[in-house]
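K.L.:
Spelled out, the chains give:
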Amino acid sequence: MLATKGLKINGEKVTSVSEPAWVRYLLITTALGFVALFLLMPLAAVFVQALDKGWEAYLAALHEPDTLSAIWLTLLTAACCVPINLFFGIVAAWAIAKFSFTGKSLLITLIDLPFSVSPVVSGLIYVLIFGLQGWLGPWLQEHDIKIIFAVPGIVLATIFVTFPFVARELIPLMESQGRDEEEAALTLGASGLQTFFRVTFPNIKWGVLYGVILCNARAMGEFGAVSVVSGHVRGSTNTIPLQVEILYNEYSYAAAFAVASLLALLALVTLAVKTVAEWKIQQSQSVTEGER
Amino acid sequence: MGSSGQKNSVLPGFGPALGYTIFYLSIIVLIPLSALFFKTATLSWDQFLVAVAAPRVLASYRVTFGSALFAAAVNAVFGVLLAWVLVRYRFPGRKLVDALVDLPFALPTAVAGITLASVYSPNGWLGAYLEPRGIKVAFTPLGIMVAMIFIGLPFVVRTVQPVLEELDHEIEEAASCLGANRWQTFCRVIFPTMLPAILTGFALAFARAVGEYGSIIFIAGNMPMVSEITPLLIITKLEQYDYAGATAIATVMLVASFLLLLSINLLQKWSRRFAD
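Protein sequences, first through last, are from chains E and X. In terms of our numbering, the first sequence is residues 1 to 292. In terms of our numbering, the second sequence is residues 293 to 568.
Treat the hints with care, as some may be off.
[What the hints assert, rightly or not] FRET-style restraints, in silico, Cβ to Cβ:
no., chain 1, residue 1, chain 2, residue 2, range
1, E, W55, X, V342, 17 to 23 Å
2, X, H461, E, W55, 50 to 56 Å
3, X, S318, E, A44, 20 to 26 Å
4, X, Y533, E, L76, 26 to 32 Å
5, X, G385, E, A60, 32 to 38 Å
6, X, G385, E, L76, 37 to 43 Å
7, E, E175, X, V369, 56 to 62 Å
8, X, I323, E, S105, 19 to 25 Å
9, X, L341, E, Q282, 48 to 54 Å
10, X, I323, E, I145, 33 to 39 Å
11, E, P202, X, F483, 53 to 59 Å
In short, the hints are calculated from the structure, not lab data. For every residue, glycine included, the Cβ atom is placed at its ideal position computed from N, Cα and C.
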């Protein structure tokens, strides 16, 4: 059971390049204990607490009007953010991976910026532009357009925080695939778009799936940035994470965890899709390497 | 710019693709970020210092950066352990644990926040066990560290795993042939190879923990001077309409993020030198 990738010579295990069994046992137990404490237990706690008051209370909590509109707003936000950032990711990866130009690594670093910015700061910068005291504030007020403390602000802040996901997955993938196939397609008479859809896209489809699923998970789960730009108005400017916060702060714990369990299920689905996509990407890369 | 790209490639679309990339990057990322700096520039130097160096603000830096440092260190140690166990050993459930390591990436921060808060609260699963023994986790800086450990967990594991996977068995065998025992081999041969990756993962975990909001505010006590994190302070100032104060502190956070990003890039360059 506790086997290692050890070396065997004449059927005997060579122990000089592996640890004694008791060390292995200790390391595995400690590692699993750490995982159980920090990962498994919180995951289990979400579902156990959600079903604390029984299955009917769980379903009732999900059918609450405020919760339903939070679910709707979350889905709407994700439906706006993911395609926009997907399009950007593909276009940016095309420009960066298939061509050489100066300033490429600067551009890649700039694309990665939203990753390193705190979510609260991400929301704040949009308040500074579109808020009442912001750059565009007076103009927006004149024309009666509400962005901050309304849905458009939430969508904008979410676009910012999910900005790099597709791009940073596709850029290394497309770089490692090179330009040979596309150039061959062009010499055979394909137009640019034909080349993209028939040659490039099938090669990157698992990378696209990987980026999209992570982008979606972040878009639906974003809390800090949305908290700053949303008005926290129940029933209209609350996403699922904000609704979870409201329910928790009101001590409706079972309801809060019931709604949170939706996001936890989404997280598990995300992990599953991510694992499959990673495996497929590795498979296709080893095939390409085999062909070379 | 366009011509140098097209000179060495016959692929079409460079101009429009790069143009759109820079355009979209500017309106979504660069211009909003610059708004922060422009707004802060409207403050006089004295006003800026008052905003970012007030006692409550300094206390929040201590809490935020201090807890993040501790949490990243814990994640460095256990991350290496986890990566080692996942790469080197076979045991039932290994693939499941490997997938589960990414849970903090996929789980929304608010969900993590309320779950950790309720588990460590006085009548929670762990809190009921720990508090009678005098270990208060919920609503204390220790709770902040626990939350930061959770969200930083995948970073060190995922940076160290590839390095361990590519490590040549021959090198370890050579060391063993030359008379090193297992511990010496680990310290002198394996560990130095992992070090750049460990530091990169540490920096990534640290950077993430410093900016984190949702996972922490539920389990932290959020008491000024004691257990208030800097992102929460920014939001509190926004709610009080102290835009200037909030912006000033946010600028400090942003500059810290940029410095961390720079260090991470340099660390990654260093690790790549050793990889080849």
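K.L.:
Work down the list of hints and note, for each, if the structure agrees.
P.N.:
So, going through the hints one by one against the coordinates:
Distance hint for W55 of chain E and V342 of chain X: a CB-CB separation of about 55 Å, inconsistent with the stated range 17 to 23 Å. Between H461 of chain X and W55 of chain E the Cβ separation comes to about 53 Å, which falls inside the hinted range of 50 to 56 Å. The hinted window of 20 to 26 Å between S318 of chain X and A44 of chain E is violated, with their beta carbons roughly 45 Å apart. With their beta carbons about 29 Å apart, Y533 of chain X and L76 of chain E fall inside the hinted range of 26 to 32 Å.
G385 of chain X and A60 of chain E have their C-beta atoms about 36 Å apart, which keeps the hinted 32 to 38 Å range intact. Take G385 of chain X and L76 of chain E: their Cβ atoms lie about 38 Å apart, and the range 37 to 43 Å holds. Judged by the Cβ atoms, the range 56 to 62 Å given for E175 of chain E and V369 of chain X is violated: they are separated by roughly 34 Å. Look at I323 of chain X against S105 of chain E: about 22 Å separates their beta carbons, and that is inside 19 to 25 Å.
Under the hint 48 to 54 Å, the C-beta atoms of L341 of chain X and Q282 of chain E, about 52 Å apart, fit the expected range. Remark: the range hint 33 to 39 Å for I323 of chain X to I145 of chain E is contradicted by a beta-carbon distance near 18 Å. At roughly 42 Å, the beta-carbon separation of P202 of chain E and F483 of chain X lies outside the given 53 to 59 Å, and the hint is violated.
When held up to the earlier numbered hints, the structure conflicts with 1, 3, 7, 10, 11 and fits the remainder.
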